[in-house]
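Undergrad: Sequence:
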Amino acid sequence: MFPHRSGADVVYLEQAYPWPRFLVSSSFAIATVLMSFNASNAVVFAQYTLIALEIPVTGFNQTVTALTVVLVTTGLVGVSTKWSLRTINFLTVVKIISLAFMVVTGVAVLLGLTRIKDPYANFHNLFEGTTTSPNAFATALVKANYAFHGWQNAYNVLGEVKGPNPVGTVRKSSIIALTLMVALFMLVNVAYVAVVPREEIKSSGQLIAALFFQRLFGPLIGIKVLPLLVASSCFGNIVAVVFRWPSAVLLIIGITSLVILVLPAEDAFNFVLDFLSYPRLIFQSAMCFGVWILRKRRFLAGIPPSILQARNSTVFIYLLSCILLLVVPWVPPEPGHADVSVCAVAYITTFGSFSFRD
Numbered sequence: 003m004f005p006h007r008s009g010a011d012v013v014y015l016e017q018a019y020p021w022p023r024f025l026v027s028s029s030f031a032i033a034t035v036l037m038s039f040n041a042s043n044a045v046v047f048a049q050y051t052l053i054a055l056e057i058p059v060t061g062f063n064q065t066v067t068a069l070t071v072v073l074v075t076t077g078l079v080g081v082s083t084k085w086s087l088r089t090i091n092f093l094t095v096v097k098i099i100s101l102a103f104m105v106v107t108g109v110a111v112l113l114g115l116t117r118i119k120d121p122y123a124n125f126h127n128l129f130e131g132t133t134t135s136p137n138a139f140a141t142a143l144v145k146a147n148y149a150f151h152g153w154q155n156a157y158n159v160l161g162e163v164k165g166p167n168p169v170g171t172v173r174k175s176s177i178i179a180l181t182l183m184v185a186l187f188m189l190v191n192v193a194y195v196a197v198v199p200r201e202e203i204k205s206s207g208q209l210i211a212a213l214f215f216q217r218l219f220g221p222l223i224g225i226k227v228l229p230l231l232v233a234s235s236c237f238g239n240i241v242a243v244v245f246r247w248p249s250a251v252l253l254i255i256g257i258t259s260l261v262i263l264v265l266p267a268e269d270a271f272n273f274v275l276d277f278l279s280y281p282r283l284i285f286q287s288a289m290c291f292g293v294w295i296l297r298k299r300r301f302l303a304g305i306p307p308s309i310l311q312a313r314n315s316t317v318f319i320y321l322l323s324c325i326l327l328l329v330v331p332w333v334p335p336e337p338g339h340a341d342v343s344v345c346a347v348a349y350i351t352t353f354g355s356f357s358f359r360d
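Letter by letter, the sequence shown follows residues 3 to 360 of my numbering.
None of these hints come from the bench; they were simulated from the model. Quantities reported herein were computed from a predicted structural model and do not represent experimental measurements. Incorrect hints may appear among the rest.
Just the calculated beta-carbon pair ranges, DEER-fashion [as the list claims (entries may be wrong)]:
no., residue 1, residue 2, range
1, Asn167, Phe62, 49 to 59 Å
2, Glu336, Gly256, 14 to 24 Å
3, Lys174, Ile319, 15 to 25 Å
All residues carry an ideal CB built from backbone N, CA and C; glycine is no exception.
Construct the complete structure from the given sequences, taking the supplied hints into account.
TA: What follows is the structure in structure tokens.
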């Protein structure tokens, strides 16, 4: 590992693939900046804000609201990075408290302490009506992976971590943070299943939290107040992405606005998530091979292995998961079950990913 260098993935890639010179660092930087648009968060912010304000979630309203929040967050970062950071920290705390609140509420539902009459109805015949389509499986994994995207950001600033063992510090912190978030996300999904009927879950899209709040707390708190918690979380995510790239803020806002304007409103969220995933999977696959290349070089040079290195079996499993998510989306979806109206999204995004890399 490289405890005194920031950059995470690109550090390994540069060391593993030094030739042609600057190819890896340049292609990684271009792909990262071009893929740093906030369209997905802006779309979800727009949907939940419109619901809270009782404004119809139409394509036009969603697009205007999404563009507005992109401009506001960009202006915030441009005016004051200090207040931007404070906003991110505050909204992160709000997000964790919101998740904990939903988990506690879900437990209350399962214990029969709420208005939900049969909280276990959806737990019967859990796999009824599901599919064995590889495309659907890969699509679900892509969405699940995106929920945890960002955990590696601490490694991007590893060189700034103080103390005698920065790698150990970040590694322990990552384990604690990921364990906490996995538990919260899993329990929140259990709460959704306990509260929202199955058919409504299937058609809810990104608005399942709104249905959850509405069924538990009624039209006033459930629709007008609590959805703003989800919107505030998205707002913080948008600020965080812009905050990461202050020097490229105009490029990011331009790409984000273009994506929001060009894509159909009903497809924007799913398309963006699919499109963002493939470049990352390509670089992460290359990084897995790069780890083995670096270990072989250390062995041939007589350098002892790092005491904090991941097991080869772990790297291999991670590599297999990346390859799986790169290959399986090429399998056509079942008729009428495409992730977006553009059924060839996997082909387009995979081709685009290789284009960025070249």
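Undergrad: Using the beta carbons of Glu336 and Gly256, state whether their distance is inside 14 to 24 Å or not.
TA: Cβ of Glu336 to Cβ of Gly256: about 37 Å, so the range 14 to 24 Å is violated.
Undergrad: CB of Lys174 to CB of Ile319, is that within 15 to 25 Å?
TA: Between Lys174 and Ile319, where Cβ atoms are some 22 Å apart, the hint holds.
Undergrad: Using the beta carbons of Asn167 and Phe62, state whether their distance is inside 49 to 59 Å or not.
TA: holds (54 Å)
In terms of the numbered hints stated before, the structure departs from hint 2 and from no other.
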